[in-house]
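Enquirer: Residue numbers (my numbering), protein chains in the order written: chain A, -18 to 391; chain B, -18 to 391.
Don't read these hints as lab results, they were simulated from the structure. Bear in mind the structure is a predicted one, so any value in this text is a computation, not a measurement. Please note that a few of the clues may not be correct.
The list makes no distinction among identical chains, and a pair is therefore deemed to hold if it is satisfied within one copy or across any two copies.
Okay, derived cross-link-like pairs now, DSBU-like style, lysine-lysine, Cα gap no bigger than 30 Å in a straight line [stated by the list, open to error]:
1) Lys97 - Lys250
2) Lys200 - Lys138
3) Lys200 - Lys210
4) Lys250 - Lys343
Protein chains: 2
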Amino acid sequence: MSAAVVCIGTEITRGEIVNTNATWLCDELTSLGFDVTQVESIDDDRPRIAATLLRLARDHEVIVCTGGLGPTTDDLTTESAAVAAGLPLVRDPATVEVIVDRFRRLGRTLVAGNLKQADFPSGAVILANAVGTAPGFSMLLGAARVWFFPGVPMELKRIWGDHVRDTLREIAPNTTFQLRMRTFGQPESTVGQMLSGVEEQFPGVTIGYRASFPEIEVKVLARGADQQKARTLADSAASVVRHRLGAIVVAEGDQTMVGAVAQALRERKATLALAESCTGGLVAHMLTSEPASDYLLAAMVTYANEIKTALLGVPEGVLTEHGAVSRETAIAMAHGALRASGASFSVAITGIAGPTGGSPEKPVGLVHWAVGHPGGVETRDRVFVGDRGRIQRMAAFAALDLLRRTALGV
Amino acid sequence: MSAAVVCIGTEITRGEIVNTNATWLCDELTSLGFDVTQVESIDDDRPRIAATLLRLARDHEVIVCTGGLGPTTDDLTTESAAVAAGLPLVRDPATVEVIVDRFRRLGRTLVAGNLKQADFPSGAVILANAVGTAPGFSMLLGAARVWFFPGVPMELKRIWGDHVRDTLREIAPNTTFQLRMRTFGQPESTVGQMLSGVEEQFPGVTIGYRASFPEIEVKVLARGADQQKARTLADSAASVVRHRLGAIVVAEGDQTMVGAVAQALRERKATLALAESCTGGLVAHMLTSEPASDYLLAAMVTYANEIKTALLGVPEGVLTEHGAVSRETAIAMAHGALRASGASFSVAITGIAGPTGGSPEKPVGLVHWAVGHPGGVETRDRVFVGDRGRIQRMAAFAALDLLRRTALGV
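Just chain A, same shape as in the assembly (with noise of 0.2 Å):
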């Protein structure tokens, strides 16, 4: 069943403000089993917003309409509907009562803009609202039925769970259902191509790509008669594409990449510290985003060569041999690391982020990353592509990818 999200004010189109609603909205809509295919920002313009909603009510049996419901002259939402549907617009004497009472309780001094939220087109469905003044409606727009809130997020995610979410789970389709996974270590293509041929095997099943950089986020969507057989179906198509990709694989659902980290340590009851030379403290805070402090011991952002031989213990001589960017500063940095915190595991990333510091021997983007372990010192190297924050994010993801299979063993 299809779905359309209208979101209305100026802040929007002049790009002040994110929007965060039609994101809400989406995904409530799409969680109901809705199949969202358009949302649409316009500014506080009476025509265009007439004109949107009769456009989109002539292909979307529901429409969800956000903002231009408040007391100024540029608010006007409310006249737009009725002038599209034809209806006079009815002023609601309950609604009255409330805005009077709740600006007594306020002790603030009503003005006639302030009675305009108690207008609405004839007919319409009234959702009050529990945490502000303009309340929501619905009502009928062609064969469309059409629900207007506040754009003030708190008030439409309210007035939303109180009297319209059970409505629409009662009206929507629920035949799908979605599984996603995340994997890091092969661009968007050739995961493509390794899953390629499976939604030809799985009639009913779409696989989507999401590049979330330097993630690639894989979606299994099923379509079925009932949402139980969707999900019977996602989860066969599932176990293949989860076959196919193998360790590429981080985390599934709402875990990442972190995540996947912090489980497979707190599994092994494993400590850790960081030696975080051109990555500047990133993995240290992508860990920290979370809860840490279990397993996080220390991270130790070492700019200065001497900082590396004071902190990590780093010989001047490999220092000087291979230099501050080589395998054998990374494997020293590692082992420095493991050293100063007694941790069980260590993370140390070495690298020329740029824009400049590059060479030919050792160009701009050239990172050593090496994780610590009870067992030794594993190492990578790569020549990373990008800007700096580019190659930052990429050497923080592959440290830690590297850092989860050693302690998974895979």
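Use these hints to put chain B onto chain A, whose structure you have.
Expert: This is chain B only, laid out in the frame that chain A set:
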């Protein structure tokens, strides 16, 4: 001059990602002087992409379109654009060469999907992508000029900056001029109050606010008979704005908090060391997102108490008497960072980022921070409200702001 933005991808219509591209493009187009009236997000559906482009081309002079240029089967934008314009797809040999060369350099295997990215509607202007495989392109559709970009934000922004912004500036109406300032330390409502009356004092000037957590960006937009007059007006208003806001203005134009800190330290030929606990490396990551090796010597993320003592020399007595989250520990960490690194400035942060670990005396969100400098140590503390990420980000900005003010003496 009227502009529209189209974002293509099921990940948007399904609510899986927040559409920051749309916000960024709306802001860019508005700053250039365009009137963005419509922003549409649609799923990966060939007929809908073509129909949307054709419909928008009827009422807009400029259309900007992102997403769907990838190598996989669900990337349908280019072929849909060709269908909309009634043009054949033509493979561009120069782009093929760039792609083949890129794959050779990366040591990756080319698959058929990759070459799809060298196909363009006949006559399109190809826009090289310096940071990814998918070039952008532009073409005429009726009377509208349409620009197509990959959906990856970094690639969009790079191609926009390399090939599109200057072109659009030439065709834009060009009677506006905007200046921007970043502020830190006061909420949006207070910043607004500090600037009340400025718009009345300078007719033609609009003051805009954008919360870019935890900073508030202030935009001074002036409209004049031509751009020179608009610029003069914006400059006059900006000097009043600057005076009223005082030290909460962190940076102007494209400069960031990190840039302001780096500049303040460089002007003093100062060096810096960090000792982070609850921010877990976020400050180090922020500073090293731009080249920092000329002033940043080291950063130590000392999560465990024993590590605070081992690496930073925080006396065990301070930790047992005052606790790890205390003014005394912050001071000891700031001193320890100076001592361990030989830097002239240090920043130390210790706190409770949550979600657990709080107590009635030391609630989640309590953070102590300190700046060590040649004349002594400055300290601050506050209970920040919000989730873990928000607390870490507020604490990092607050500490950097104290460093900036200490270094600048403001």
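Enquirer: Now look at each hint and say whether the structure bears it out.
Expert: Results for each hint:
In this assembly of identical chains, the alpha carbons of Lys97 and Lys250 never lie at most 30 Å apart, being 51 Å within a copy and 48 Å across copies at closest. When the C-alpha separation of Lys200 and Lys138 is checked against a cutoff of 30 Å, the pair qualifies both within a copy, at 21 Å, and between copies, at 26 Å. In this assembly of identical chains, the alpha carbons of Lys200 and Lys210 lie at most 30 Å apart only when taken from the same copy (17 Å versus 53 Å across copies). Proximity of Lys250 and Lys343 under a CA criterion of 30 Å is satisfied inter-copy only: 28 Å between copies versus 38 Å inside one chain copy.
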